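A.B. asks: Here's the letter readout for the chains.
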Amino acid sequence: MSTPLAFARSTVGRKVIMAVTGLLLVGFVLGHMAGNLLVFKGPEALNGWGAFLKSSALVLWTVRLGLLAAVGLHVWAALTLIRLNQVSRPVAYAKRVPQASTRSARLMRVGGIFLLVFIVFHLLHFTTGTIHPGYTFSHTDVYGNVVSSFQVPWVALFYIAAMVALLAHLTHGIWSFFQTMGWSHTRYNPARRVVATVVALIVSLGFIAIPSAILGGMLR
Amino acid sequence: MNLTLHVWRQPDAGSAGRLERYEARGVSPDMSFLEMLDVVNEGLIEKGEAPIAFDHDCREGICGSCGVMINGVAHGPMAGTATCQLHMRSFRDGDEIVVEPWRARAFPVLRDLVVDRSPLDRIIEAGGFISIATGNAPDAHAILVPKQDADSAMDAAQCIGCGACVAACPNASAMLFTAAKVSHLGVLPQGQPERDRRALGMIAQMDLEGFGGCTNYGECTEACPKGISLETIARMNRDFRVASLRARPESAAAAGAP
Ligand code: HEM
Ligand code: FES
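Chains as they are written, first to last, in this note's numbering: chain A, 1 to 220; chain B, 221 to 478.
Isolated chain A (complex conformation):
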């Protein structure tokens, strides 16, 4: 009865899948954010980093497919559980006053779906270059793509909004990760909140710095 299929069908197992893939994605966004900050060192630094990432097709595609699988599993678990949770209370209360849930916890669904829209847009925008509002996309001039696209205010603001969503998502998500994995202990629980909030802030503020600086005219 504990085949991988039964595990994935169970409400607890699906949360574990969400937690493990979520943690992989947290590791990715931390590295991605740090790499992106090279934009502040200038075109050579950022373009060199981009070229290095693409230097081995094998590594590049292994990482890409791994990330795609992680996002796919994460979203599959999220959407199926959201659906289950919606049908589990067919008749709503006439009056209901939440007592404990945090705002970030209640934003997981909407925020998560917004992140999914953002990820699709982001891949079409900076990876494939299919969407390139107001400039010519180049597969080698990463710096040029970034700076010219964030000079368009709605693009910069859309990225900033997505990173605010990520801030909320990770504030609850990283805390929740420990709970799902079963790592809860009265001695360490206050630290879980702190770790979640600090990591969420580092990731989102690191990303937000880039469109903000370009929109503010600091980078050109």
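One or more of the hints may lead you astray.
[Unchecked claim] Looking from chain B toward chain A, a few residues come up when the C-beta cut is under 7 Å (computed):
| id | residue |
| --- | --- |
| 1 | Val247 |
| 2 | Ala392 |
| 3 | Arg458 |
[Said to hold, decoys possible] If you want the ones that stay clear, here's a sample from chain B, every Cβ over 10 Å from chain A, calculated:
| id | residue |
| --- | --- |
| 4 | Ser248 |
| 5 | Asp315 |
| 6 | Arg415 |
Quick caveat, the hints were computed from the structure, so don't treat them as lab data.
Please read all numbers here as calculations on a predicted model, not as lab measurements.
For each residue, glycine too, the CB sits at the ideal point set by N, CA and C.
Fit chain B with the ligands to the supplied structure of chain A, relying on the hints for placement.
C.D. replies: Showing chain B with the ligands alone in chain A's frame:
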């Protein structure tokens, strides 16, 4: 005190229900919430109307029979208190109070404020037991139990199965109940032989009953009259994860749990 009640009335499981308005006059602040409903019901019976049906038994907060949604909060405004132990001094003269049954797909309304909570019994049947040798009772100290383990087992065992966690959870999830039952046996030496089967079996049954999943909102523990903690759910999650990884295929005869 004089109060205005809006109570969910529903003749049976198959009929539609709606909130009905009742005036409760001359309520004493020393009455419990259920005694206040008793008084309203006496008035209804005198008028030849059907009294409001609600579940109750011990009326001292230990059986888990009672429980209604009071002004949008499971068991009402007093933390750590079942509906039968809630007193009218928690309200003010002139208050309007909305009284609804627990709402969950797995808990169909049987009548008025009474819901069918037998899914919780079936979850217990699916693994809430230990194997013991029959015959003479063993010496009480034959198996040593560390004090801290005994304490956390007793904390989890306080669950009275009222279903407030399901009622309060935005997902109508029964994780806090199931976790309490999984872990009050799982932390004791006597509970080790069935530990893996218990977590797998009870969680499978919980899912079969049509409860929602956990999103770690924490509404359940806040609503729980016994203050069962979220750590209990974490413990169940760990038991489930470990059990899933190390379970071997069982022979059909030994399978037992679904
Ligand atoms: C692609 C779109 C995404 C969707 C639709 C989505 C949706 C969700 C949902 C619904 C949850 C469960 C929330 C809960 O149970 O309270 C969740 C949890 C989580 N998400 Fe996402 N998410 C997405 C992207 C991401 C990204 C990009 C990351 C990391 C950078 C991430 C990290 C996490 C983590 C760590 C959790 C916690 C898992 C747990 O509760 O144990 N998610 N996500
Ligand atoms: S009637 Fe027994 S707990 Fe309330």
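A.B. asks: Decide, hint by hint, whether the structure agrees.
C.D. replies: Structure-based check of each hint:
1. Val247: violated (20 Å)
2. Ala392: This interface hint holds because 4 Å falls under the 7 Å limit.
3. Arg458: OK, holds: Arg458 (chain B) within 7 Å of chain A, min 3 Å.
4. Ser248: Answer for Ser248 (chain B): holds, closest chain A Cβ roughly 25 Å.
5. Asp315: holds (13 Å)
6. Arg415: holds (13 Å)
Violated hint: 1 only; the structure is consistent with all others.
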